[in-house]
Amino acid sequence: MNKNTKKLKRIHSRNDAKQSPLKRQFRNENEKRRRDLFSKLIANLEDLLSIKKICSSNDQTNKFDKASILRQTVQYLQKHHHYLTNDEKVELSNKRSTSSKRNNFLDFSWKPSSDI
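Note that the sequence shown covers residues 1 to 116 in the numbering used here.
A portion of the hints provided could be inaccurate.
DSBU-like, lysine-lysine: derived pairs with alpha carbons at most 30 angstroms apart [claimed, not checked]:
id: 1; residue 1: Lys79; residue 2: Lys66
id: 2; residue 1: Lys23; residue 2: Lys40
id: 3; residue 1: Lys66; residue 2: Lys40
id: 4; residue 1: Lys89; residue 2: Lys79
id: 5; residue 1: Lys79; residue 2: Lys32
id: 6; residue 1: Lys40; residue 2: Lys79
id: 7; residue 1: Lys23; residue 2: Lys3
Label-pair ranges, simulated between beta-carbon atoms [what the hints assert, rightly or not]:
id: 8; residue 1: Pro21; residue 2: Leu48; range: 37 to 43 angstroms
id: 9; residue 1: Arg27; residue 2: Lys66; range: 18 to 24 angstroms
id: 10; residue 1: Leu45; residue 2: Ser93; range: 32 to 38 angstroms
id: 11; residue 1: Asp47; residue 2: Asn4; range: 56 to 62 angstroms
id: 12; residue 1: Asp65; residue 2: Ser20; range: 31 to 37 angstroms
id: 13; residue 1: Phe26; residue 2: Lys3; range: 32 to 38 angstroms
id: 14; residue 1: Asn44; residue 2: Tyr83; range: 18 to 24 angstroms
id: 15; residue 1: Leu45; residue 2: Lys89; range: 24 to 30 angstroms
id: 16; residue 1: Glu31; residue 2: Glu88; range: 41 to 47 angstroms
id: 17; residue 1: Asn86; residue 2: Asp36; range: 36 to 42 angstroms
id: 18; residue 1: His80; residue 2: Asp36; range: 27 to 33 angstroms
id: 19; residue 1: Ser50; residue 2: Leu84; range: 53 to 59 angstroms
id: 20; residue 1: Lys79; residue 2: Asn44; range: 31 to 37 angstroms
Rather than coming from a laboratory, the hints here were simulated on the basis of the structure.
Computed from a predicted structure; not experimentally measured.
Even for Gly, the Cβ is constructed at its ideal location relative to N, Cα and C.
Generate the whole structure from the sequences, applying the supplied hints.
What follows is the structure in structure tokens.
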């Protein structure tokens with residue numbers, strides 16, 4: 001390295017030292033807001049899924065942690081996705097059978113010929 005780059009590094013490090021307490025405070029505040037938002041969203045998931053907390057009055061270890069809530073959310077979504085896809089398949093097959101039945105009952109003689 002030459003002398004100019006060393007000098008520039010020293011100048012930048014001095015400026016960073018002056019700004020770092022403000023930057024650090026800003027980053028810390030942003031990180032706290034992000035963590036708070038994440039905690040609120042996890043609590044919302046817990047409420048939506050009606051996950052029951054099992055804890056005694058003295059022991060808080062039975063409480064669900066965030067990973068457990070996310071795991072149960074994934075299981076819930078997988079189960080309901082499975083039900084939805086099965087329902088859609090049944091509904092689609094019902095529509096096909098009813099449309100074929102409908103075609104048997106409908107009279108299409110009123111339609112113009114396809115030669116036109």
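- Message: Run through the hints listed earlier and report the numbers of any the structure violates, in increasing order.
- Response: 5, 19, 20
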